[in-house]
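A.B. asks: Sequence:
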Amino acid sequence: MTHHISSNPSEDKRRSDDRESEAIRLVAQKYNCELADIRPEWQAYLQANNLNPQDLLTDTVHPNAKGLDLMVDLLLKHFRWNPYTPNDWMRTVRTYEAQRFPDEGRADGVTFTGKPWRFLSSLAVGEHRDSALRLAFHGNRVDCVLGFLPGLKPGTASVRIDGKSPGSFPELWAHTIPSSACGTPWQPAVRRVSHRAPLVPETWKIIFREIRPDASRFRFEVHGSRTGFDGGGEFDGAKYQ
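Note that our numbering has the sequence shown beginning at 1, numbered continuously upward.
None of these hints come from the bench; they were simulated from the model.
Computed from a predicted model, the values in this text were never measured in an experiment.
All residues carry an ideal CB built from backbone N, CA and C; glycine is no exception.
Possibly wrong hints are sitting among the right ones.
[Stated by the list, open to error] Cβ-Cβ distance ranges computed for the label pairs, FRET-style:
no.: 1; residue 1: V222; residue 2: E97; range: 44 to 52 Å
no.: 2; residue 1: F148; residue 2: R219; range: 28 to 36 Å
no.: 3; residue 1: L123; residue 2: G167; range: 27 to 35 Å
no.: 4; residue 1: T203; residue 2: Y96; range: 50 to 58 Å
no.: 5; residue 1: H138; residue 2: G167; range: 15 to 23 Å
no.: 6; residue 1: V145; residue 2: A48; range: 30 to 38 Å
Could you put the whole structure together from the sequences, leaning on the hints where they help?
C.D. replies: Right, here's the structure in full:
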């Protein structure tokens, strides 16, 4: 969904929303996604009804009751079954059942190695640490669904990718939301986090020093709960004006 029309009078804000909306259109086209391009439609509605952007907003961006009604009307037309919509997504996901017996001699799904497995109902039950499920695949995600059998408690399992722990692949590590801001858990005060050294699970703390009253300039240090002092830097707002 592209941006609706803000009442922020800043020309920079308008250009920013235009650029982001154009980027959203390009992403939708690239990945063959449904796009609700409400920005031009919202603008057309304002002009047709001789309204100001603020007439549909509670502040400069969030819709009021009339704005929500308009947004619903613009979005509802996208919630319908279209038999002509490409279904390429069906070829991007495949389901494998861990219920094929080893003696079938098929290698295009889950295979069982190690000590013997038991097959109860439609589920495969491994009872030894040497028992393993193997799956050869090309992709970027695997969801393992745990089965349930009355009277049997679920156990534990370790996961290996190409024989290695997932944690040994640097590209699989990700930072969680660094910190909250403005009393909201979804808006981080620290927006960009990167690293040079291999990551380890830990919590970081930032210490700010020499802060000007208007926060236009300050120094900071980063300390990890396991790695200790990780570095520091300086922010000078004058460089970004």
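A.B. asks: For every hint, state whether the structure bears it out.
C.D. replies: A quick look at each hint next to the structure:
| no. | hint | verdict |
| --- | --- | --- |
| 1 | V222 to E97: 44 to 52 Å | holds, 47 Å |
| 2 | F148 to R219: 28 to 36 Å | violated, 55 Å |
| 3 | L123 to G167: 27 to 35 Å | holds, 28 Å |
| 4 | T203 to Y96: 50 to 58 Å | violated, 37 Å |
| 5 | H138 to G167: 15 to 23 Å | holds, 22 Å |
| 6 | V145 to A48: 30 to 38 Å | violated, 50 Å |
Violated hints for the displayed structure, listed by number in ascending order: 2, 4 and 6.
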